[in-house]
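Starting from the given sequences, assemble the full structure and let the hints guide the process.
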Amino acid sequence: MDNLNIKATQYTPKIDFDATGTFSLVGKSYPENTFEFYEPMMNWVKAYFEKDTPAKTTVNIEITYFNSSSSKLFFDFFDLLEENNEENEIVVNWIYDEENESAEEAGEDFIEDFENLNINLVTK
Amino acid sequence: MEKHENKLVQEIEALREKFSKTTAKLIKNVKRQDLIMVRSDKRQRKEYDELQKRLQDVIELQKAQKDLLEAFIKLIASAIDAKSKYTGGHCERVPELALMIADAAHDSTEGIFESFSFQDEDERRCLSIASWLHDCGKVTTPEYVVDKATKLETIYNRIHEVRTRFEVIHRDKTIEALNRKLDGEDKKEVDSWLVTAHEKLIEEFEVVARANVGAEFMKDDIKEKIKSIAARSWVRNFDDTLGLAHEEKKRVLTENSITPQVEQLLSDKSRHIIPRESFDYDQYDKMGFKTKVPEHLYNLGELYNIMVPAGTLSYEERFKIQEHVQMTLVMLEKLPFPDYLKKVPLFSGAHHETLIGSGYPRELKIDDMPVASRIMAVADVFEALTASDRPYKEPKTLSVSVKILSFMVKDQHLDKDIFKLFLSSGIYKAYAEKYLKPEQIDEVDISKYLCL
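Residue numbers (this note's numbering), protein chains in the order written: chain A, 5 to 128; chain B, 2 to 453.
Do not take every clue at face value.
[Said to hold, decoys possible] Keeping only pairs whose Cα atoms sit at most 27 Å apart, straight-line, the calculated DSS-like set for lysine-lysine is:
1) 76(A) x 397(B)
2) 50(A) x 22(B)
3) 29(B) x 76(A)
4) 32(A) x 54(B)
5) 47(B) x 76(A)
[To be verified] Label pairs and their in silico Cβ distance ranges:
6) 343(B) x 44(A): 41 to 51 Å
7) 12(A) x 33(B): 52 to 62 Å
8) 44(A) x 49(B): 28 to 38 Å
9) 49(B) x 90(A): 19 to 29 Å
10) 13(B) x 84(A): 32 to 42 Å
11) 49(B) x 18(A): 20 to 30 Å
12) 338(B) x 36(A): 49 to 59 Å
[What the hints assert, rightly or not] Partial chain A-side listing against chain B, Cβ under 10 Å, derived:
13) 40
14) 69
15) 70
16) 71
17) 72
18) 73
19) 75
20) 76
21) 79
22) 104
23) 105
24) 106
25) 107
26) 109
27) 110
28) 113
Source of the hints: derived by calculation from the structure; they are not laboratory data.
We put the CB at the ideal spot given by N, CA and C, even for glycine.
Now the structure itself:
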C-alpha cells in the first residue's frame with residue numbers, strides 16, 4: 005500500500021499517512037469543499053484497515069484552526085477509527101499549542117465524544 | 002394464508018427494525034450535527050475574540066511604534082537644537098511654521114495649490130516628519146564651524162594669539178628705541194619715533210580685530226591694508242613643533258624647529274591646511290550632489306581667514322555648513338521608511354534649493370521641487386530671520402523679515418505663491434504673535450507684496 009502525502013496550502017493541512025502506522029495531520033483546515041478534500045484521506049484509511057493493518061496505529065493531529073465542516077469530518081474520521089479500534093491498537097495524539105485555547109477545548113470535546121478511543125492531549 | 006401473514010409480519014418487523022435503526026442513526030446524526038454547530042459557534046466566537054484581541058494589540062503596537070518614531074525624531078531635532086545655541090529652537094519651530102503654511106495650502110485651491118492637498122493624515126505626517134528632520138545632518142557639522150563667530154576662530158578665537166604677537170612687536174619697538182638711545186641717538190627724536198610706531202601698531206591691531214568680527218563687507222582698501230599688516234615680521238625664538246599632537250605634527254615643516262626664525266604677523270602655512278581624507282566622490286555623484294567640493298577639508302590660514310570678504314566662514318567652512326543638507330539626505334535615504342513616509346528625504350533635502358538651480362546640494366529647479374519642499378524653504382528662512390535666540394545677531398522685525406523674504410522671492414530663491422499665501426492667510430502674523438518678541442512685531446503692509 006502506498007503512503008498518502010498531501011502538501012499543506014494556506015487553507016488545508018499537510019497530510020502524511022504512512023502505511024507502516026503513523027498518521028500525521030498538521031496545519032489549518034478551511035478547505036473550500038471539505039468532504040471532497042478529505043475524500044482521498046478517508047478512502048485511504050478505509051483501505052488501510054481492510055487488510056495488512058500494522059499492529060499499532062499512531063495518529064498525530066495538530067490542527068490549529070478548523071471550520072465547522074472540518075469538525076464534522078473529524079467526527080467521521082474518529083468514527084472510522086473507533087470502528088477499527090477493537091481489532092487494532094490505535095492511539096490518537098491531539099497536539100496543540102498551549103496558547104491556543106480553542107484547539108485545547110476541541111481536543112477535550114473529542115475525548116468526551118469518543119470514549120472508546122485512546123485520545124491524548126499533547127501540548128507542544 | 003397464515004404462512005403468508007407471518008412472512009408479511011416478519012417483513013414488517015424487519016422493516017420496522019431497519020427503520021428504527023435508520024431513525025436512530027439519523028437522530029444521532031442530527032444531534033451530532035447540532036453538537037458540531039454549537040461547538041463550532043463557540044469555537045468561532047473564541048477565535049473571533051482572539052483575532053479581535055490580536056488586531057487590537059497590533060493597532061496599539063502600531064500606535065506605540067508611531068509614537069516612538071515621532072519621539073525619536075524629536076529627540077534628534079532637539080539634540081541639534083541643544084548642540085548649538087546658535088540654532089536655538091530652529092528644528093522645533095520650522096515644522097510648526099511649515100505645517101501652518103501647508104494646512105493653508107491644503108485649504109487653498111488657487112494657483113499651484115489646486116493640485117496640493119493632503120489626501121490623509123499620513124501625508125500630513127510625512128511633511129511634518131520631513132520638517133522635523135530637515136536639519137538632521139547638522140549633527141555631523143563641527144561646532145567650531147556652526148558657531149564660528151569670528152574669522153580667526155577655530156576652537157578658540159585666535160585673535161588673542163595675534164594680539165600677543167602685536168604685544169611682542171610693541172615691546173621689540175620699545176627695545177629698539179632703548180638700543181638706539183644707548184647708541185647715542187637723540188633721545189627726543191627716538192621717543193617721538195617710538196610713540197608713532199606704537200600708535201601705528203595699535204591702529205593696525207584695531208584694523209585686524211575689526212576685520213576679524215566679520216560684521217561688515219571688507220572693502221578693497223582694507224584688504225590691501227591687512228595684507229601689508231600681515232607682512233610685518235617678528236622673531237620667533239622657540240620651537241613651534243613642540244607640544245603638538247601627532248596629527249598636527251604631520252602638517253608642520255621640520256625646518257620650523259630651527260630658531261630664531263623671522264615670522265610674519267599673519268601667515269598661511271602648511272600646518273593650517275587640513276587635508277580632505279576619505280571623501281567618497283562616487284557616492285557624492287550618485288546622490289546627485291552638484292555643489293563643488295573644496296580641495297581641502299579646512300584651511301585655517303590666518304591671512305586666508307581674515308581676508309574672508311563677508312561673514313566669518315571660509316570657502317571650506319561654508320561648504321561644511323552647506324554639507325549638512327547632503328548629510329541629511331545621506332542619513333534619511335538610508336532609513337527604511339514605510340511607503341507613506343517615502344518622500345521624507347525628498348522634502349527634507351530640498352529646503353536650500355532655489356527655483357532656478359542656484360541652491361544646493363542638487364541645484365534643483367522649480368519643476369523638480371515639490372510644493373512641500375518649497376514650503377519648508379520659506380519656513381526655514383523666515384524662522385532664521387525672526388529668531389530671537391541667536392547670540393550672533395539681533396532679531397529682525399516682522400516687517401524687515403517679510404521684506405527680505407520678498408527680495409528672495411524676486412530673486413526666485415523662494416516661491417512667490419507660497420510667499421503670498423503666507424501673507425494673505427495671516428500666518429506671518431499668527432506665527433509672530435506666538436514666537437516673536439513684542440518689540441519685533443510691527444505693522445506690515447502686505448498689499449504691496451500681494452501684487453508681486
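Hints versus structure:
With a CA separation close to 81 Å, the supplied pair residue 76(A) and residue 397(B) exceeds the 27 Å bound. Distance check on the hinted pair: residue 50(A) and residue 22(B) sit about 23 Å apart at the alpha-carbon level, within 27 Å; holds. Under the criterion of a C-alpha separation no larger than 27 Å, the hint pairing residue 29(B) with residue 76(A) is consistent with the structure, at around 13 Å. Distance hint between residue 32(A) and residue 54(B) is fulfilled; the C-alpha atoms sit about 20 Å from each other, no more than 27 Å.
Proposed proximity of residue 47(B) and residue 76(A) is supported: the alpha carbons are some 19 Å apart, at most 27 Å. At roughly 48 Å, the beta carbons of residue 343(B) and residue 44(A) sit within the given window of 41 to 51 Å. About 28 Å separates the C-beta atoms of residue 12(A) and residue 33(B), a value inconsistent with the hinted range of 52 to 62 Å. At roughly 31 Å, the beta-carbon separation of residue 44(A) and residue 49(B) lies within the given 28 to 38 Å, and the hint holds.
Taking the beta carbon of each, residue 49(B) and residue 90(A) are about 40 Å apart, not inside 19 to 29 Å as hinted. Checked against the hint of 32 to 42 Å, the C-beta distance between residue 13(B) and residue 84(A) comes to roughly 33 Å, which is consistent with it. The supplied range of 20 to 30 Å is met by residue 49(B) and residue 18(A), whose beta-carbon atoms lie about 26 Å from each other. Between residue 338(B) and residue 36(A) the beta carbons are some 39 Å apart, a value that contradicts the proposed interval 49 to 59 Å.
Against a cut-off of 10 Å between C-beta atoms, the interface hint on residue 40(A) is violated, since the closest Cβ of chain B lies about 18 Å away. For residue 69(A), the suggested interface contact is upheld, since its CB lies about 6 Å from the closest CB of chain B, less than 10 Å. Hint status for residue 70(A) relative to chain B: holds, with the closest Cβ pair at about 8 Å, below 10 Å. Because the closest C-beta pair between residue 71(A) and chain B is about 7 Å apart, less than 10 Å, the hint holds.
At about 4 Å, the closest approach between the beta carbon of residue 72(A) and any beta carbon in chain B falls short of 10 Å, and the interface hint on this residue holds. Checking residue 73(A) against chain B by beta carbon gives a least distance of about 9 Å; that is within 10 Å, so the hint holds. A hinted interface residue such as residue 75(A) counts as satisfied when its beta carbon comes closer than 10 Å to some beta carbon of chain B; here the least separation is about 5 Å, so the hint holds. Checking residue 76(A) against chain B: minimum C-beta separation of about 5 Å stays under 10 Å; hint holds.
Against a cut-off of 10 Å between C-beta atoms, the interface hint on residue 79(A) holds, since the closest Cβ of chain B lies about 6 Å away. Evaluation of the residue 104(A) hint against chain B yields a held restraint, the C-beta minimum of about 9 Å falling below 10 Å. Using the Cβ-Cβ criterion of 10 Å, the hint placing residue 105(A) at the interface with chain B is satisfied: the shortest such distance is roughly 7 Å. Checking residue 106(A) against chain B: minimum C-beta separation of about 5 Å stays under 10 Å; hint holds.
Given the 10 Å rule on beta carbons, the hint for residue 107(A) holds: about 9 Å separates it from the nearest Cβ of chain B. Nearest Cβ of chain B to the Cβ of residue 109(A): about 7 Å, under the 10 Å cut. The hint holds. For residue 110(A), the interface hint holds, since its Cβ comes within 10 Å of a Cβ in chain B; the closest pair sits about 7 Å apart. A least Cβ separation of about 6 Å between residue 113(A) and chain B falls short of the 10 Å threshold, and the interface hint therefore holds.
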